[in-house]
Every structure is written in C-alpha cells, then in structure tokens.
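J.: Okay, here's what each chain looks like letter by letter:
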Amino acid sequence: MCGIIGYIGDLGADRTGSDGEAHAADGGGGPLSVGEVIHEGLRNLEYRGYDSAGVALVGKSSGLTVAKRSGEVNGLSVPKVPDATHGVGHTRWSTHGPPTDANAHPHTDCVGDVAVVHNGIVENYEALKAELSDHEFTSDTDTEVIPHLLEEALAADPDADLLDAVQRVEGRLEGSYAICAVREGDDRIVVARRGSPLVLGRSEDATFVASDVTAFLEHTRDVTYLEDGDVASLEAGTVSVFHEGESVERGVETVTWEADAAEKGGYDHYMRKEIHEQPEALRQTLAGRLDVEGGDVDLDISFPPGFLADVEEIQIVACGTSNYAGRYAAQLFEELAGVRTTVETASEYAFGAGRSPDRTLVVAVTQSGETADTLGAIRRANAAGARTFAVTNTLGSTVTREVDGTAFIRAGPEIGVAATKTFASQVATLVMLSISVGRDRGALAAADARSVLEDLRGLPGAVQQVLDEEVQVREAAREYQDSEAFFFVGRALGVPVALEGALKLKEISYDHAEGFAAGELKHGPLALVTSNTPVLAVLTDGARATETMNNVTEAQTRGAPALGCVSTSEEFGTLDVSFEVPKVGIVEPLVANVYLQLFAYHVANEKGRSIDKPRNLAKSVTVE
Amino acid sequence: MSDNPVTAVILAAGEGRRLEPLTNRRPKPMVPVANRPLLEHVVEAVAAAGIDRIALVVGYRQERIRNHFGDGDDWDVTIEYVEQSTQLGTGHAVLQAEPIVDGPFVVLNGDRIVDADVIAATRERVLDGTYPTMAVTTAERPREYGVVSLDGDSVVAIEEKPEGPVETNRINAGIYGFSPAVFDAIRQTHAPGELAITATLNDLAAADDQGVTAIPYDGRWLDVSNLWDLLTVNAALIGNEMGAEPDSPDLGNSVAVADDVAVAGNVRVASNVTIGGSTAIGSNATIEANAVVENAVIFPDAVIGAGAVVRDAVVAGNARIGPNATVAGEPATVVVGDAVHHSVELGGVVGDNAVIGGGATVTGGAVVGDDVRADAGVVIDGRVESGAIVRRG
Numbered sequence: 001m002c003g004i005i006g007y008i009g010d011l012g013a014d015r016t017g018s019d020g021e022a023h024a025a026d027g028g029g030g031p032l033s034v035g036e037v038i039h040e041g042l043r044n045l046e047y048r049g050y051d052s053a054g055v056a057l058v059g060k061s062s063g064l065t066v067a068k069r070s071g072e073v074n075g076l077s078v079p080k081v082p083d084a085t086h087g088v089g090h091t092r093w094s095t096h097g098p099p100t101d102a103n104a105h106p107h108t109d110c111v112g113d114v115a116v117v118h119n120g121i122v123e124n125y126e127a128l129k130a131e132l133s134d135h136e137f138t139s140d141t142d143t144e145v146i147p148h149l150l151e152e153a154l155a156a157d158p159d160a161d162l163l164d165a166v167q168r169v170e171g172r173l174e175g176s177y178a179i180c181a182v183r184e185g186d187d188r189i190v191v192a193r194r195g196s197p198l199v200l201g202r203s204e205d206a207t208f209v210a211s212d213v214t215a216f217l218e219h220t221r222d223v224t225y226l227e228d229g230d231v232a233s234l235e236a237g238t239v240s241v242f243h244e245g246e247s248v249e250r251g252v253e254t255v256t257w258e259a260d261a262a263e264k265g266g267y268d269h270y271m272r273k274e275i276h277e278q279p280e281a282l283r284q285t286l287a288g289r290l291d292v293e294g295g296d297v298d299l300d301i302s303f304p305p306g307f308l309a310d311v312e313e314i315q316i317v318a319c320g321t322s323n324y325a326g327r328y329a330a331q332l333f334e335e336l337a338g339v340r341t342t343v344e345t346a347s348e349y350a351f352g353a354g355r356s357p358d359r360t361l362v363v364a365v366t367q368s369g370e371t372a373d374t375l376g377a378i379r380r381a382n383a384a385g386a387r388t389f390a391v392t393n394t395l396g397s398t399v400t401r402e403v404d405g406t407a408f409i410r411a412g413p414e415i416g417v418a419a420t421k422t423f424a425s426q427v428a429t430l431v432m433l434s435i436s437v438g439r440d441r442g443a444l445a446a447a448d449a450r451s452v453l454e455d456l457r458g459l460p461g462a463v464q465q466v467l468d469e470e471v472q473v474r475e476a477a478r479e480y481q482d483s484e485a486f487f488f489v490g491r492a493l494g495v496p497v498a499l500e501g502a503l504k505l506k507e508i509s510y511d512h513a514e515g516f517a518a519g520e521l522k523h524g525p526l527a528l529v530t531s532n533t534p535v536l537a538v539l540t541d542g543a544r545a546t547e548t549m550n551n552v553t554e555a556q557t558r559g560a561p562a563l564g565c566v567s568t569s570e571e572f573g574t575l576d577v578s579f580e581v582p583k584v585g586i587v588e589p590l591v592a593n594v595y596l597q598l599f600a601y602h603v604a605n606e607k608g609r610s611i612d613k614p615r616n617l618a619k620s621v622t623v624e
Numbered sequence: 001m002s003d004n005p006v007t008a009v010i011l012a013a014g015e016g017r018r019l020e021p022l023t024n025r026r027p028k029p030m031v032p033v034a035n036r037p038l039l040e041h042v043v044e045a046v047a048a049a050g051i052d053r054i055a056l057v058v059g060y061r062q063e064r065i066r067n068h069f070g071d072g073d074d075w076d077v078t079i080e081y082v083e084q085s086t087q088l089g090t091g092h093a094v095l096q097a098e099p100i101v102d103g104p105f106v107v108l109n110g111d112r113i114v115d116a117d118v119i120a121a122t123r124e125r126v127l128d129g130t131y132p133t134m135a136v137t138t139a140e141r142p143r144e145y146g147v148v149s150l151d152g153d154s155v156v157a158i159e160e161k162p163e164g165p166v167e168t169n170r171i172n173a174g175i176y177g178f179s180p181a182v183f184d185a186i187r188q189t190h191a192p193g194e195l196a197i198t199a200t201l202n203d204l205a206a207a208d209d210q211g212v213t214a215i216p217y218d219g220r221w222l223d224v225s226n227l228w229d230l231l232t233v234n235a236a237l238i239g240n241e242m243g244a245e246p247d248s249p250d251l252g253n254s255v256a257v258a259d260d261v262a263v264a265g266n267v268r269v270a271s272n273v274t275i276g277g278s279t280a281i282g283s284n285a286t287i288e289a290n291a292v293v294e295n296a297v298i299f300p301d302a303v304i305g306a307g308a309v310v311r312d313a314v315v316a317g318n319a320r321i322g323p324n325a326t327v328a329g330e331p332a333t334v335v336v337g338d339a340v341h342h343s344v345e346l347g348g349v350v351g352d353n354a355v356i357g358g359g360a361t362v363t364g365g366a367v368v369g370d371d372v373r374a375d376a377g378v379v380i381d382g383r384v385e386s387g388a389i390v391r392r393g
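From first to last, the protein sequence lines stand for chains A and B.
If you count by this note's numbering, then the first sequence holds residues 1 to 624, one letter each, in order.
If you count by this note's numbering, then the second sequence holds residues 1 to 393, one letter each, in order.
Hints are supplied without guarantee of correctness; some may be wrong.
Stated by the list, open to error - A few chain B residues that face chain A, going by a derived Cβ cut-off under 10 Å, partial list only:
1. G70
2. A270
3. N284
4. A289
5. A302
6. A319
7. V355
Said to hold, decoys possible - Beyond 12 Å from chain B on every Cβ pair, some chain A residues (computed):
8. S33
9. E152
10. S203
11. D310
12. E344
13. L526
14. E554
Claimed, not checked - Coverage of chain A stretches by chain B, computed from C-beta distances (three or more under 8 Å per stretch; other residues unrestricted):
15. 268–278
16. 286–298
17. 454–460
18. 467–478
Don't read these hints as lab results, they were simulated from the structure.
We treat Cβ as the ideally placed atom computed from N, Cα and C, and that holds for glycine.
Kindly produce the complete structure, drawing on both the sequences and the hints.
T.: And the structure:
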C-alpha cells in the first residue's frame, strides 16, 4: 500500500523562466536534480502512505545509491548524486512488516546492483523466498523477493538485461503489484503492472512513472495508462511497452484537471478546503446532466436494450465512506427505480446463490477506482456473469476498465484522507443514477422525477448555506470536544449519514464515535449513554425526523446532550444545539452531513490532530 | 519571481456593511459582478499589469476568498494570505502584509475595479525607486471620497470626505506604491480611531525630506459603494467583456436573450424566457418558463420562478423568487443605515436563501434580507431584516 515514482530525464533545460515553485526549496534557479524531482513526487504521493520513504538513484559513474528510512517523506534526506540520470522513489504504508528503516523501499539484491520499489502484495512471496534460500534477505517485506529474483534471472543468462529479467520475473509473481526497477550500469527504468495502479508521464526530455498522476503533474500532463500485465522500459523521452513479450502501443492521453486543485490553497488542511469546495464540486457533478423539464437525467451511460426493465436486483459494493454513499442510494433505487437493492461490504462480497446473473446489476462505488476490496468484488461479480457498473471520481482508474459502464462523480481531486466532497458527489451521482434507472424502467413518473431533480439543483446552494454557519458548528465542537464518546443517529436516509458522521469523527479526531439507526439505540447502545456522550441526530426530510426525535429524547432523559440537524420547516425545542438544514427534500440528509463533517473537523482541529493524514490510514486502500 | 520583485497587497478583509444583506455571508470583495467576484476583476488586472505575486489581506468571511482563489494558479499568480483579524483600518491592514513583503510593493483595494495600466504605472514607479506614490483620479462627487490636493506632481494633502466646499475634483484612487519603509511610518502615525493608510500618506506628504508623488489616472474606476452601484458596475463590465461566453447554458425554446448578457455555466433557462440587457446570471441558477429578467444580477444557485419579473434587481445566492412574483420598480427611495437616498434606480434586492412566495411583489427599492420567508401574494417594501417571516394580511 504505497506510492511509487520513477523519473528519467533532464528537466534542467526547459525550466528557466517557467514555474519557479519546485526549486524554491533549494533556493536556486538551477536545473532540478533527479533526487529533487523524485523527492517532490513523493511529497505529492504522500497521501497514499506515509510511514516510510526511500529513493534509489543511478549515477553515470557513481552507480546505485539507496537512501530510505521510516517516517514521513519530509524527514527523508535524499543523497546528492550529481551524476544521477534516473531513479525511483517510494512512500510506504506498512502491510508486511512494521515501518522500519529496513522494511522501507527500495529493496535491493544481495550485491546492491538492482533496486526495486513496489506497490501491492506478492502473495506467493513465502514460496519464492524459500526458493531463494541462498540469498540474503534484510527485511520482512514481500517485496524483497523481487530484486533477488531479478538477480537470479540476470545471473542465469549473461545476455539478459534488466528488461528481460523483469519480463521473466513478472510471470512468477502472484498477487497484485506495480513495480519499478533500476540497475547499476543500465540507463533505463523498467516497470511492470498487474492489479495496482501505474501511470506513465511523457514529455520531450523526460519520462515519469507513478502510482498517480499527481506525482508528476507539475512537469507533464501527457500520460499513458498501462494495462495489467504490461512491462515497460523507460528512457528519457521514450517508452517501449511489452505485453506477454510482444511490443504493444499504448496511447497518450492528456490530463485536463488542474494540478492546483490538488494543492491546499489558503487553507490549513485539505479537508477543510474540500469541505468548502462542496458547492462547486456538486455543481460540477450535476452540470449538464439534469433535464428538469423532461424529468430525466443524462448520465451518458447505456445498458443493453431491456436489461434495466428486467433487472431483479442491484447490488452495491463499496467500502467505508463509499459504502455509506451506497446505503443512501440503495433506499432511492428501491423508492425511485423500484428495484430490490442491497449494499455489500466489498471485502465480504460474494455473488450469492439464488440470483440470476443476467438480471443483476452490480454497482461499485469507489472514489479512487483503485480500492482493492472493491476491485476484488467486481471481479467476483464479473466472474459470476453479472453486469457491472462503477461510480468513481478517477478517469482511467482500474475499476473503469473492469466494468461494463461508468458514471464519473466529477468532484475533482480529493487529497484529505477523510473523504468529504466525494461523498456528496457520490450520493448526488447515485441519486441521478436511480432516476435514470427508474425512468428507463417506467417505474418513475416524470413529475416525481422532476421534484427530485429540483431538489438536486437546490443542493449546491443548500450546502453553501450550511457552510456559512461554520462558526456555529465550531462553537458546538469546542463545547463538546472532550466528551467520552459521540453517538450519531438517524432513520431512513439519516442512517447512512449517521454512520458517515461517526466515521469522519473517529477517523480524524480518534474519538470513540458510533452511528446507529435511531431505533437501535434502545436495543443496547443506550447502556453507553451518559451525560458525557452527546447524541448527534439527523432530523430532516427523508429521515423520519419525528420518530428519530423520540429516540433522541430517550438519550436526553439519561442526561446526554443532544445536537440535531433540523429541517427549516421543523423545530425541536428540546435540542441543546440545533443546526438548520434548508428545504431540499430527499437530499436534506446529505446536506445535514455537511454539519457533521464540519463538527468532526473542528473537534479534531481543536485537539491538534493530523487531520489530512490520520494515523494508520491512507487515502486509497489498494490492498485487500 | 526573481525578475519581478514587486508584490501586490490587496486589501480584502473588510465586511462592506453598506452592501448588506449581500455581505452577510460573503465579504464585499466576493460580491459578483458579471458573474465574477469584484476581487477577481482586481486580481486579473494585477496579473495583467505584470505582477505575479499577490498578498491578500483577508479577515471577514475569509473562507469565501481562500476557497475561490486558492494559491492563484488559475490566474498565473502566486497568492499568499495574511489575516487581519479585526478591521482597524487600511493602514493596519497594510501592516499585516509586512512579514511577506520584502521589496517595493503596490497596494490596492479588493473591491474597486481599475485598469491594469494604472497598476503597471505604479509598479514601474516603485521599481524606479520612487515611493511613496499614489494614483489620483477624478470624480463627479469628490466629497464622497478622499479629495487630493496637488502641487505639480506632489501630493499636498488628502482630505477624507470633506464637508465644506472643495477646490478640486481629484480624488484618491486607492492605488499606492510603497517600499517596506512604510511599515515604520504606519506605526508612527497617530490617528484617532481607525488607522487609515491615508493618515500615513498625509504624514509622509508633510515630511520635509520625502513627499508623495501622484500618478494621474483617468481610466476605469468602478466603485460599488451602494447596492444600486452593483447594477451599474455589472452593466459596465458586461458591456466591456462581451465574448466571455456561456459554457453552453441549457436554453429552452423561444428564449430571447439580449446581446449584453453574461450567463455562467450550468444555468438552466426554460421556455419563453426573456433575458434583457445588462444581466448576469450565475452558475447553476434557474430561470423558469415565461420569466422576464432584465438589468439584473442573479447570483449562483438562485431560482427565478415561472412568469416572474425581475428588473433592475439583485437576487443573491440560492434565493427563490416564486412564480409570477415581481421584483421591479420605479426609481425609489432607499434607506441605508442613517442615510436616505432618493430617486435610486433599484428595483429591489433579495438576499441569499430568501424565499419570495408566488405572486408576491417586491416594490421599488425594497431590500429583502437573507433567509427571509415571504408568503405568496405579499407586498414587500422598505427593508426586511434577515431571517424575518413576511405573512399575508
């Protein structure tokens, strides 16, 4: 679970007078060294993992220099290698072996000629390691077998070069991986991809490779996405791609979104910036897709004729926040589209018995499009013969290549580990999808669709209205921040929002927080309620507010403070704090969620937490 | 940056209470004209003047500004933020930029639109080592501004809103050039109440050794002091910026759109709508069937109901004008604070998130606060406080 980057080329020539930012760090206007480019790329990738970092640089005459350590990227001191021509770097989030200096990547072979960085899991590493018994291993990682296998391959055939070796070794690895390898005396980077993201950046004088385009977007926007099983050899300005030993062409695409959107601007934290970006993100999500007069949406998707009419079940597969977005949508698929809908935890998903694959639609919801658990679920659904669909934020991501159709949420890049704007855009996209399916099936009248579409159009303005009340939320956060635990409750569409509210708070504040269906409170959790455990309730349209308030009162009579997100039209005088939610019908619980995001942010901020990079968490979880 | 050390310090911390209710939720520099905040027009002029480093002094509702401008990449400038947590005057605001300014710099107001030339001229002058300096323009009613008396090219004095007769129509254009030495001068200025930068300039103009040079300016100088100025400034900018056109708005059948109209992306305009001249319609706004909108500023996310008439009016963010409601009127009397303004061309202002019921009438010059709920059929005149509920009967 990691971020990897490789760079080969010369950025010195074209840098005078252009963007001066990157070299502000070293105080000079000179050309960027290989080490600097890689270090900068690692900083951009740090959201993918940040417990260890390392680089390997290859110099014309100085050979291979490796530096790595546990700790954040900024703590890594990249060695000065004046004759370096290329190199690779890695930022790690531990899976096999604790975050130690030895376990940090790059890993090398016995003699220190070959260095490898890797993202993913080599599932058969124990067997491979046993086979390499005469090699000296210095770490606990699965990755380390790769450089030793390369060493073997190179030793076995004196004519073999690094490209040959990677091609031979690649077939022996089981699991998912993206790897970048360099070798002393070889002026190339050789990369391979299977199941983990890897994208190439192309410019005239330089070639990049990384887990994510944000790593090198300041240098080039022209990218090539590799496919599973591809092995590529990178030289400055040129790339050769091979698939099963044959040379293949992979097209060049241009990334259009702005790199600056991935920077923090004037905010202290990406999370707060992204919370505040929600009105604009939602406008982008909805732009050009709503036909209010016709009572329909245009998501630019297509299904085989008759498929939607006959569909018997929609299964939503997702993890974490995306799963909660799925739970929100599931209720609307049933209500608006008249299709039985279930939400599955992706890691637990199996295409269960008693279903007809050709009458089942499996919808993956994943921000990154690289979530390993979700990809696994989609592969199981594909294997079972079901039709698959993805709702994602990331163009060109793995999931888009594994499913039959995709709707993009268009939220723009999200850097904070805690998902905020992408949740809002996921739900908005899924609401549109439910309308699309409902209309296609004839289950939803145009007039009913129209009223939901009007609510959707009101969503960006309603969210802005909530953001304007941030001071009120901050005060509430200050008042209750030292509570023992926080309970979030709601009914109907308020349940996923309660779950999401609790998840946000625990992710970034490290406080104990739980979300429940409000009716469940009395079936157990009420035993935990004291005067020191505030209850936060979703009391809006679509969330059966009056019934929920009864449960809140049960908690209040046990002394718990009660905070509620309340529809403009309602009033619950007994609440200790009442946050007003504008009238937007069935998307009101989604608007209420913005209050819960701000609450989590301010509790965590008051406590001085590492909001954008909570301990033990990474942005996109690319391991199962 | 190394070839251009001049920083622009833009003052954007103020609240702009005279523009209430529009400034209840956003600072004045973020009030949109021609679909872009006043401050964006200023930032663009600064960038066009060849300055690529901007220090934004922010305070009131600063999230709106930070959110919109980020680090400035969209305008090819580097934006840094400094906070003025209490608004203690323009001199105090300039002082906040001291930690991030290390060479000659230009100061501008974030809510006043000027041409790039005058900014470039100020930049040239400070690059030549001539500072302090200030731009001087002319106004029809100089007494509403800081009246500047000159001796040749030198400023003799600036008198803020003088009460007696004035001998000149020259006024302070609000664009200054300084070196970091001005920070000490600001600290040494003794002024009652707020610490205005003009007080420091007066001190510097009076000092024997220094003097303040004037840069004459007669270009665009658009000031939004009052709510109705928004309509004139909006009209002036739309007239100038034709060609910056809609990201394919969703237009219904038989829609009539005048030439001088600015429509943002993702706007929905239903059938038989008439959009008259000098109108700006913000992102994600909706104009329902048969509505008439003319000489108006419609903020993002607003909804103009079917058959409604909105003329000479401002409809703020996410406000909803009900079907067949009327926001239009004859020249009227508008009360702002203690001042009464007569014969103002302002059909009405509807604040953010306000809901005007179907068939309601907002009479000429009425100002409806944000979050107001007005029932169907009511007649609203004068000023309705924010959050009020207007019932029939």
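J.: Sort out which numbered hints this structure fails and list those numbers smallest first.
T.: Failing hints: none at all.
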